[in-house]
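J.: If you want the building blocks of each chain, they are given just below.
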Amino acid sequence: MNKVITINLGGNAFPLEESGYEALQAYLATATRRLERNPDRVEIIADIEQAIADKFRATLNAHKGVVLASDVTAIIAEMGPVEDGSAGAEAPGSAAAPPPKAGPPPADEPPAPRRLYKIREGAQLAGVCNGLAAFAGLDVGLVRAVFAIFTAITCGFGILVYVILALVLPPALTPAEKTAATGAPSTTEEFIRRAREGYYAGMRTFGDKQAHRAWRRKFKREMRGWKHDFRREMRAHRWDRTEGPAPGADRPDAYVRPHPGPGIARPVLSLVIWMISLLAIWVAWSLLTSRAVWGVPLPDGTPLWIGLVFLVIAYHILVWPLKTLRYFCFFRGSDRAAWRLHHDTGGGFLGLACVLLVLWYANGHIPAAHRALENLPPEIHHTVDALRAWWARR
Amino acid sequence: MHINEKFSPIRKGLLEFLVLKIIAAERVYAADVLKQLSGTEFATPEGTLYPLLSKLRREEWVDYEWTESEAGPPRKYYALTAKGREQLRETADYWQKINATVKSLGAKTGF
Numbered sequence: 001m002n003k004v005i006t007i008n009l010g011g012n013a014f015p016l017e018e019s020g021y022e023a024l025q026a027y028l029a030t031a032t033r034r035l036e037r038n039p040d041r042v043e044i045i046a047d048i049e050q051a052i053a054d055k056f057r058a059t060l061n062a063h064k065g066v067v068l069a070s071d072v073t074a075i076i077a078e079m080g081p082v083e084d085g086s087a088g089a090e091a092p093g094s095a096a097a098p099p100p101k102a103g104p105p106p107a108d109e110p111p112a113p114r115r116l117y118k119i120r121e122g123a124q125l126a127g128v129c130n131g132l133a134a135f136a137g138l139d140v141g142l143v144r145a146v147f148a149i150f151t152a153i154t155c156g157f158g159i160l161v162y163v164i165l166a167l168v169l170p171p172a173l174t175p176a177e178k179t180a181a182t183g184a185p186s187t188t189e190e191f192i193r194r195a196r197e198g199y200y201a202g203m204r205t206f207g208d209k210q211a212h213r214a215w216r217r218k219f220k221r222e223m224r225g226w227k228h229d230f231r232r233e234m235r236a237h238r239w240d241r242t243e244g245p246a247p248g249a250d251r252p253d254a255y256v257r258p259h260p261g262p263g264i265a266r267p268v269l270s271l272v273i274w275m276i277s278l279l280a281i282w283v284a285w286s287l288l289t290s291r292a293v294w295g296v297p298l299p300d301g302t303p304l305w306i307g308l309v310f311l312v313i314a315y316h317i318l319v320w321p322l323k324t325l326r327y328f329c330f331f332r333g334s335d336r337a338a339w340r341l342h343h344d345t346g347g348g349f350l351g352l353a354c355v356l357l358v359l360w361y362a363n364g365h366i367p368a369a370h371r372a373l374e375n376l377p378p379e380i381h382h383t384v385d386a387l388r389a390w391w392a393r394r
Numbered sequence: 001m002h003i004n005e006k007f008s009p010i011r012k013g014l015l016e017f018l019v020l021k022i023i024a025a026e027r028v029y030a031a032d033v034l035k036q037l038s039g040t041e042f043a044t045p046e047g048t049l050y051p052l053l054s055k056l057r058r059e060e061w062v063d064y065e066w067t068e069s070e071a072g073p074p075r076k077y078y079a080l081t082a083k084g085r086e087q088l089r090e091t092a093d094y095w096q097k098i099n100a101t102v103k104s105l106g107a108k109t110g111f
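As you go down the protein sequences, you meet chains D and C in turn. Here the working numbering is used: the first residue of the first sequence is 1, the next is one more, and so on. Here the working numbering is used: the first residue of the second sequence is 1, the next is one more, and so on.
FYI, nobody ran anything at the bench for these hints, they're computed from the structure. Beta carbons: idealized from backbone N, C-alpha and C, even for Gly. Don't take every hint at face value.
Chain D side only, calculated, beta carbon under 10 Å to chain C, not exhaustive [to be verified]: (1) G11; (2) A31; (3) R33; (4) I45; (5) A53; (6) K55; (7) T59; (8) P81; (9) A389.
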């Protein structure tokens, strides 16, 4: 079942399937954009609409009253991408002629800037991953997998990121927004390719109540499955106190059994994690003040907060294996207390930031604190001076 | 590189010349031009032809007039202007010269 929209094309009314209407509108929008600087664009578009209307008329007969979406894609393919003739084609004779005074655009104009949107069509939840995938030109399955792994290793931080993105990102609703979200389907070939791959299949099923209900049932079932798994996991780790302690040697208080292995690993790893934290803070600072890291600015049109989100993701990805390594260096098995210790150190980034903030504030506003900092062992001042000098050289 | 792809700039350059030739031969509307081109190496979709026709009109090489048709809405019938005829002659001469050059250079090979 498909919704039918009636359009006026070249002075005639045509009933058109909704997804066909979307395709046609996107085609005409692309054509208009390509002819932007052509003085005759209105007339050319009118001619093209007229030609499409002729083709539509040819597909209709006494027994077929609606132009199908497949008719539209076929006709768009037949029409071919609209190319500004005054820019590209140059007859041999006109080679010596002065260039056209209209100053037409170069044939390969830059593509329209992409923007980050939620894309509801074919989405699992709010369409954030879908939008990210379209924005980055990646497969949506890959983006979802990366997001899931990221959520797993950061102990749920990814969920927070997802919720924030779901709230902040605008949904792509109009064809123009969809074009901006996915990168312009600037050629008909691309458009047809996407249509063939079922890219627009979501549009057809979206209005379909039954499909929607089936999807919701599936989603609820999956959510129940996750909840079940999560509870089982909790029981396995005996985080759930009501279950009571399990018998055996690994009672909650029988923990922290230092591994006889490399004793040096822990401080070294801790130092590395600290340095990464410091680096992350510095990068965040540099992003906030100059919108650049090591002189490399953010790509054009990227909002600052995306840079910060990526920074947090990169930080967690870098630090997570180190923390796990440190944890495995020191503790055997996976008792609950050891896990908690591991998670408590996870606050290092935030804690360090707080400490630095307090120190910076105290240095500037509390004379006693300033004096205390001045009286620190000279080695520390030397280190800071060396760092400053190194920074100045850069 | 496929031969079709290799000669695409040449075809693109010659298209304007051919459209002028078609219009010079008889009064035509856009679909006629497309039909005449369709069987040849110069088969062109509407998306390319309409901007090209509009460019030719802007250069004042062709002009059109609305004519009622038996089936459907009125059509734009194109005809060459005097300036367009001059342009066509110039282009045709140039094309002859190019042809002669292609024939004469390395004539011994027999290609």
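J.: Hints first: check each against the structure and report whether it holds.
T.: Taking the hints in turn, this is what the structure says about them:
no. : hint : result
1   : G11  : holds, 6 Å
2   : A31  : holds, 7 Å
3   : R33  : violated, 13 Å
4   : I45  : holds, 9 Å
5   : A53  : holds, 8 Å
6   : K55  : holds, 9 Å
7   : T59  : violated, 14 Å
8   : P81  : holds, 5 Å
9   : A389 : violated, 57 Å
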